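Protein chains: 2
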Amino acid sequence: MARRRGRRPGTTDTRDAILAAAGEAFAHKGYDRATIRAIAAAAAVDPALVYHHFGSKEQLILAVMNVPVDLDVMTQEILNAPRAEVGAHLVRVILDICDSPAGTAVLAQLRSGMNNEWNAQQPGEFIAIPLIRRVMAGLEVGREQTSMRAGMVIAEIMGLVVIRYILKLEPSASAAPDKLIAAIGPTLHHYLTDDLPGVFEPAGSGRRLPPG
Amino acid sequence: MARRRGRRPGTTDTRDAILAAAGEAFAHKGYDRATIRAIAAAAAVDPALVYHHFGSKEQLILAVMNVPVDLDVMTQEILNAPRAEVGAHLVRVILDICDSPAGTAVLAQLRSGMNNEWNAQQPGEFIAIPLIRRVMAGLEVGREQTSMRAGMVIAEIMGLVVIRYILKLEPSASAAPDKLIAAIGPTLHHYLTDDLPGVFEPAGSGRRLPPG
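Protein chains in written order, with the numbering used here: chain A, 57 to 268; chain B, 57 to 268.
One or more of the hints may lead you astray.
With a straight-line cut-off of 25 Å between C-alpha atoms, the simulated DSS-like cross-links for lysine-lysine are [claimed, not checked]:
#, chain 1, residue 1, chain 2, residue 2
1, A, Lys-224, A, Lys-235
2, B, Lys-113, A, Lys-224
3, B, Lys-224, A, Lys-85
4, A, Lys-113, B, Lys-224
5, B, Lys-224, A, Lys-224
6, B, Lys-85, A, Lys-224
7, B, Lys-113, B, Lys-85
8, A, Lys-113, A, Lys-85
9, B, Lys-224, B, Lys-235
Distance windows between CB atoms, simulated [unchecked claim]:
#, chain 1, residue 1, chain 2, residue 2, range
10, B, Gly-194, A, Pro-103, 57 to 65 Å
11, A, Asp-234, B, Thr-68, 52 to 60 Å
12, A, Glu-226, B, Ser-156, 28 to 36 Å
13, A, Ser-112, B, Thr-91, 50 to 58 Å
14, A, Lys-235, B, Ala-164, 32 to 40 Å
15, B, Asp-126, A, Glu-133, 43 to 51 Å
16, B, Asn-136, A, Arg-89, 43 to 51 Å
17, B, Lys-235, A, Asp-126, 31 to 39 Å
18, A, Ala-97, B, Leu-195, 57 to 65 Å
19, A, Ser-156, B, Ala-164, 29 to 37 Å
20, A, Pro-227, B, Lys-224, 52 to 60 Å
Since the hints were derived computationally from the structure, they do not count as laboratory data. Remember, predicted model here, so these are calculated numbers, not experimental data. Every residue, glycine too, gets a C-beta built ideally from N, C-alpha and C.
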């Protein structure tokens, strides 16, 4: 009777069934609304097995996209760098992913214009953004500033990827990674750690005049 | 007999015929390969009339896209700003275009994912890039550094537009323009005018060791 409850844990079949169910769920419901519980049900496995095989929903979608990167490992690599070089390391990790075989395949698909919106948003939403959020969480940045700073970092990285890999504008498209890292790294460092006048109010200045 | 040579200059008909021919030509041949001469022939008008109505190929494609911006006027506005504020002015002009009715329409089209690649590249290629190139030409930047610096500026602006208007990521999507200008303006100023170590070699350092 136990077999009727689903596939056995640990087999390739289980992994493939979860991947297939997740691919369906993400495509039809979107990332946010596709739950691990529903994916597990569709694959006829226990939700715990989804975590066993993929660790997290974020890692599951990377597996669906066939991008073999581990966000936790990458985050740790970036945070292990000297503080002044975190921005540069972040650019390097992103360029490495884009230049990897999996990254090249994803970007070629995007460039072909054959993608629906869900696909087009994948690399930014499911690699760059979670990675940057993890890096920010590891830095000592005021929590209330995290999402604005992350947005600025994401914009800069997204723009670099678009002009280098999607639009293929020169000289960025053919520039050596080191040149781009030298160009963009200090900007990311600035966004991650500097005071940003006009963006954040100085502490204690949040007083508002009463209306009228 | 004169009527057989084509439509009369200066009429709405002429303008519309040129726009229709240009739309066809850009969609089928791409911007670079669609010549003013061929567009004029398809519209049965003299090429001089195309220039009379639209000024330049760059302005013609903006008219095809129905984005009523004048690149020369915008460039002059930006260059009239104090040097230290050129970056901030550039961000403001781009945000103004994106928030205008025409910009909103173009961005909504992009967001819908219903566009082919040619359409998706339009706003970046035919507004942001020509504008930035004109601004760079008006600044006293070494000619050999112009395209790398422009690429960095373009990446930053493109990323901002993507996260604010296409992906609609918060808090950038709802941030007041002044906050974004305070955030991004200094970066553009840095890319436009500062020394960028590691990106450009110091003058005179171009010596190469002989091979072997």
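To see whether the hints hold, each was checked on the structure:
{"no.": "1", "hint": "A:Lys-224 to A:Lys-235", "result": "16 Å, holds"}
{"no.": "2", "hint": "B:Lys-113 to A:Lys-224", "result": "22 Å, holds"}
{"no.": "3", "hint": "B:Lys-224 to A:Lys-85", "result": "18 Å, holds"}
{"no.": "4", "hint": "A:Lys-113 to B:Lys-224", "result": "22 Å, holds"}
{"no.": "5", "hint": "B:Lys-224 to A:Lys-224", "result": "24 Å, holds"}
{"no.": "6", "hint": "B:Lys-85 to A:Lys-224", "result": "19 Å, holds"}
{"no.": "7", "hint": "B:Lys-113 to B:Lys-85", "result": "14 Å, holds"}
{"no.": "8", "hint": "A:Lys-113 to A:Lys-85", "result": "14 Å, holds"}
{"no.": "9", "hint": "B:Lys-224 to B:Lys-235", "result": "16 Å, holds"}
{"no.": "10", "hint": "B:Gly-194 to A:Pro-103: 57 to 65 Å", "result": "60 Å, holds"}
{"no.": "11", "hint": "A:Asp-234 to B:Thr-68: 52 to 60 Å", "result": "55 Å, holds"}
{"no.": "12", "hint": "A:Glu-226 to B:Ser-156: 28 to 36 Å", "result": "30 Å, holds"}
{"no.": "13", "hint": "A:Ser-112 to B:Thr-91: 50 to 58 Å", "result": "53 Å, holds"}
{"no.": "14", "hint": "A:Lys-235 to B:Ala-164: 32 to 40 Å", "result": "36 Å, holds"}
{"no.": "15", "hint": "B:Asp-126 to A:Glu-133: 43 to 51 Å", "result": "48 Å, holds"}
{"no.": "16", "hint": "B:Asn-136 to A:Arg-89: 43 to 51 Å", "result": "49 Å, holds"}
{"no.": "17", "hint": "B:Lys-235 to A:Asp-126: 31 to 39 Å", "result": "34 Å, holds"}
{"no.": "18", "hint": "A:Ala-97 to B:Leu-195: 57 to 65 Å", "result": "60 Å, holds"}
{"no.": "19", "hint": "A:Ser-156 to B:Ala-164: 29 to 37 Å", "result": "34 Å, holds"}
{"no.": "20", "hint": "A:Pro-227 to B:Lys-224: 52 to 60 Å", "result": "31 Å, violated"}
Of the numbered hints listed earlier, the single one contradicted by the structure is hint 20.
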